[in-house]
Amino acid sequence: MTKNTTAGAANRRRAASGDPLGPNSEIGRKLKQYYDELVSDNVPDRFAQLLSQLERAQPAQKKD
Amino acid sequence: MAAVSQSFKTDLLGSIPSLRAFAVSLTQNADKADDLVQETLVKAWDKHESFEPGTNLKAWLFTILRNEFYSQMRKRGREVQDSDGIMTARLAVHPAQHGQLDLKDFRSALEQLPEDQREAIILIGASGFSYEEAAEICGCAVGTIKSRVSRARTRLQEILKISGDDEFGPDAISAQVTGSNAA
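As given, the protein sequences belong to chains S and H, one line each in that order.
Take 0 as the starting number for the first sequence in numbering that gives the first Met the number 0 and just add one per residue.
Take 0 as the starting number for the second sequence in numbering that gives the first Met the number 0 and just add one per residue.
Take these hints with a grain of salt, some might be off.
To be verified - Listed below are the simulated BS3-like cross-link pairs for lysine-lysine, each with C-alpha atoms no more than 30 Å apart in a straight line:
#	chain 1	residue 1	chain 2	residue 2
1	H	K31	H	K8
2	H	K160	H	K57
3	H	K57	H	K46
4	H	K31	H	K57
5	S	K31	H	K57
6	H	K42	H	K31
7	S	K31	H	K31
8	H	K103	H	K46
9	H	K103	H	K160
10	H	K57	H	K42
11	H	K42	H	K74
12	H	K31	H	K46
13	H	K103	S	K31
14	H	K8	S	K31
15	H	K103	H	K42
16	H	K74	H	K57
17	S	K31	H	K145
18	S	K31	H	K160
19	S	K31	H	K42
20	H	K46	H	K8
21	H	K8	H	K103
Keep in mind the hints are simulated off the structure, nothing from the lab.
Here the structure is a predicted model, which means the values were calculated and not measured.
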């Protein structure tokens with residue numbers, strides 16, 4: 000317990016100081032709920048297709 | 000230009016859900032958001048050499064997406080937000096019962112924030128970035144992010160409290176929203 004990752008320590012600090020957007024805050028909880036719902040939305044195929052297109056469009060090239 | 004590595008491509012693919020979430024948060028529109036993500040992926044692909052492996056790819060991509068968003072907004076002359084008509088329509092939505100805050104109410108409250116405040120509170124409160132990272136993404140000082148987050152939070156609290164409380168009439172609501180403080 001003497002060592003923390005920076006992020007872990009930051010989170011703990013934020014939690015300890017009553018982080019205004021932490022789990023105890025209604026706004027903080029809603030914000031995460033709102034965002035998590037967006038993140039878990041199914042990704043349309045067009046993006047994978049786009050990356051494949053970009054890949055195909057690359058000039059055939061030797062490694063440098 | 001060196002070929003894009005497989006791992007870069009895989010990482011790009013893996014970032015798409017976060018990019019879409021951030022894009023929707025900025026644009027408040029699913030179609031515009033996906034166009035924005037598409038632009039971001041093309042840009043990221045083109046300038047993949049400027050990404051330093053080992054640094055935060057998500058932050059790098061968010062920066063590209065955000066720059067693209069603002070440059071599109073400038074081109075379109077800021078059609079995106081704050082039309083009076085839209086504001087009125089949103090305010091006309093009847094408040095939910097007090098107690099549990101409805102996600103729909105939250106979403107419409109979020110829409111009412113100015114973009115700079117909305118992106119700040121999303122980056123810090125939802126995307127999991129530190130204040131330092133958010134400042135870098137937005138190209139501003141850490142203190143600026145802190146104050147935007149704090150103003151966003153206050154504003155959301157105001158809007159949501161009001162929308163959950165029938166005692167406030169429409170006058171009180173519009174006064175809050177326009178920020179008018181007639182003394």
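Outcome of the hint check:
In summary, the hint linking H:K31 to H:K8 is supported, as the alpha carbons are separated by about 23 Å, within the 30 Å threshold. For the proposed pair H:K160 and H:K57, the alpha carbon gap of about 34 Å is over 30 Å, so the pair is violated. Of the supplied pair hints, the one linking H:K57 and H:K46 holds, its CA atoms being roughly 15 Å apart against a limit of 30 Å. Restraint check: the Cα-Cα separation between H:K31 and H:K57 comes to about 20 Å, which is no more than 30 Å; the hinted pair holds.
Of the pairs offered as hints, the one joining S:K31 and H:K57 holds, with about 18 Å between alpha carbons and a cut-off of 30 Å not exceeded. For the proposed pair H:K42 and H:K31, the alpha carbon gap of about 16 Å is at most 30 Å, so the pair holds. As the CA atoms of S:K31 and H:K31 are separated by approximately 22 Å, the hinted pair is consistent with the 30 Å bound. Distance hint between H:K103 and H:K46 is unfulfilled; the C-alpha atoms sit about 38 Å from each other, more than 30 Å.
Distance check on the hinted pair: H:K103 and H:K160 sit about 14 Å apart at the alpha-carbon level, within 30 Å; holds. Taking the CA atoms of H:K57 and H:K42, the gap is near 14 Å; set against the 30 Å cutoff, the hint holds. Taking the CA atoms of H:K42 and H:K74, the gap is near 18 Å; set against the 30 Å cutoff, the hint holds. Simply put, H:K31 and H:K46 have alpha-carbon atoms about 22 Å apart, close enough for the 30 Å limit, and the pair holds.
With a C-alpha separation of about 14 Å, the suggested pair H:K103 and S:K31 falls inside the 30 Å cut-off, and the hint holds. Taking the CA atoms of H:K8 and S:K31, the gap is near 27 Å; set against the 30 Å cutoff, the hint holds. The suggested pairing of H:K103 with H:K42 is violated, with an alpha-carbon distance near 33 Å, which exceeds 30 Å. The hinted pair formed by H:K74 and H:K57 meets the criterion: a straight-line CA distance of about 26 Å does not exceed 30 Å.
Restraint check for S:K31 and H:K145: the C-alpha separation of about 18 Å stays at or below 30 Å, so the hint holds. With a C-alpha separation of about 19 Å, the suggested pair S:K31 and H:K160 falls inside the 30 Å cut-off, and the hint holds. Annotation: proposed proximity of S:K31 to H:K42 holds, straight-line Cα distance about 28 Å (limit 30 Å). A threshold of 30 Å between alpha carbons decides the hint, and for H:K46 with H:K8 the separation of about 13 Å falls inside it, so the pair holds.
Between H:K8 and H:K103 the alpha-carbon distance is near 35 Å, which puts this suggested pair outside the 30 Å criterion.
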